[in-house]
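**Q** Residue strings, one per chain:
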Amino acid sequence: MQIVVNGTPQATDAQTLLELCETLGFGKARVATAVNGDFVAVPARAARKLCADDKIEIVAPRQGG
Amino acid sequence: MLTTTDTNSDTLTLYGKPFSSRLLLGTARYPSPKILSQAVTTSEAEIITVSLRRESARGQDGQRFWDLINELGVTVLPNTAGCRTVREAVTTANMARELFSTPWIKLEVIANDDTLQPDIFHLVEAARILVEDGFQVFPYTTDDLSVAERLLEAGCDVLMPWGAPIGTGRGLANPYALRTMRNYFPDTPLIVDAGVGKPSHATQAMELGYDGIMLNTAVALAEDPARMAKAFAMSIDAGRLAWKAGIMEERDMAVPSTPVAGTPFFDLDAG
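As they're listed, the protein sequences go chains A and B. Just so you know, my numbering puts 52 at position 52 of the first sequence, and the rest follows in order with no gaps. Just so you know, my numbering puts 89 at position 89 of the second sequence, and the rest follows in order with no gaps.
Be a bit skeptical, because a hint or two may be false.
Listed next, the stretches of chain B that the computed footprint assigns to chain A, with coverage defined by at least 3 CB atoms under 8 angstroms from CB atoms of chain A [stated by the list, open to error]:
| hint | stretch |
| --- | --- |
| 1 | 24-36 |
| 2 | 75-86 |
| 3 | 140-148 |
If you are wondering where the hints come from, they were derived from the structure by calculation, not from laboratory data. The beta carbon of each residue, even a glycine, is placed where N, CA and C say it ideally should be.
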């Protein structure tokens, strides 16, 4: 199915957010996630099923003012 | 009340945490991570602001910055920079709480790109939601007193009014409003956030009785950021000391500082 990760459309076979994170190489990375604008905590990623056209945000610590 | 300013030891306490430094330093726009580290170290800043952004390198960029933060050993204040709606701000705050393992959040809800001014309506609403969810909120706000009251009612224990628009370096655009705000909220920690361009601006704010200064660009874009960070730390200390010492009132007319009585030749022309 087609989803959007960090603003970029892409195809995925991942069924859950956890699977997607692992597929993209973020499995053990210090990242936070949101799906369609809603925060999804680390323990909830496995239960968060993905649907076509979902918009996923994967963010990490960065410099800020 | 969790947040107080202890004037005896001059410790700044924010949400129960004591600090000896009154400089809150941003971490963006430095020439290199090494220079950022030097700026934090030389200024002895104890609080740094951080952010979160989309990760594109399989977590490596974020991990490197996370390692740098840990090496510095300072308190981290994550922001919601770039958020324009309540939903964006609340979601970003939640992601920041998980990433940085802190309930602190520097709440920014921006109204437009040209001024980066706070959207005060959404700011108050987001603050209320976040406080109810256990966050300790540092709202980036204007110097409007009614907004400040709403933020305090929402549960914010600290206010961060702007000096001038973010990144302008113009200093305190409205010292009168900031002075009024200080007088109106004598027991609330007030930190000038944004617009501070040079150390004298920081001193001016501290002389008004502000509890701290939050800045980033003025240090990061200096020719020598580490030295400028130290200059800001010193200027903040000077302004704080002046405030505690009690600044004289301004007068319209001159008053001789040297005693008039006993002036020699004072009566030569009197005949």
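**Q** Please count how many residues of the stretch 140-148 of chain B have a CB within 8 angstroms of a CB from chain A and say whether that reaches 3.
**A** Answer violated; 0 residues pass the 8 angstroms Cβ test.
**Q** State whether the coverage of the stretch 24-36 of chain B by chain A holds or is violated, taking the criterion as 3 or more residues with Cβ-Cβ distances under 8 angstroms.
**A** That given contact holds, which follows from 6 residues of the stretch 24-36 of chain B lying within Cβ reach (below 8 angstroms) of chain A.
**Q** Okay, the stretch 75-86 of chain B and chain A, do three or more residues pass the C-beta test at under 8 angstroms?
**A** holds (count 3)
Going through the hint list in order, the structure does not satisfy hint 3, though it satisfies all others.
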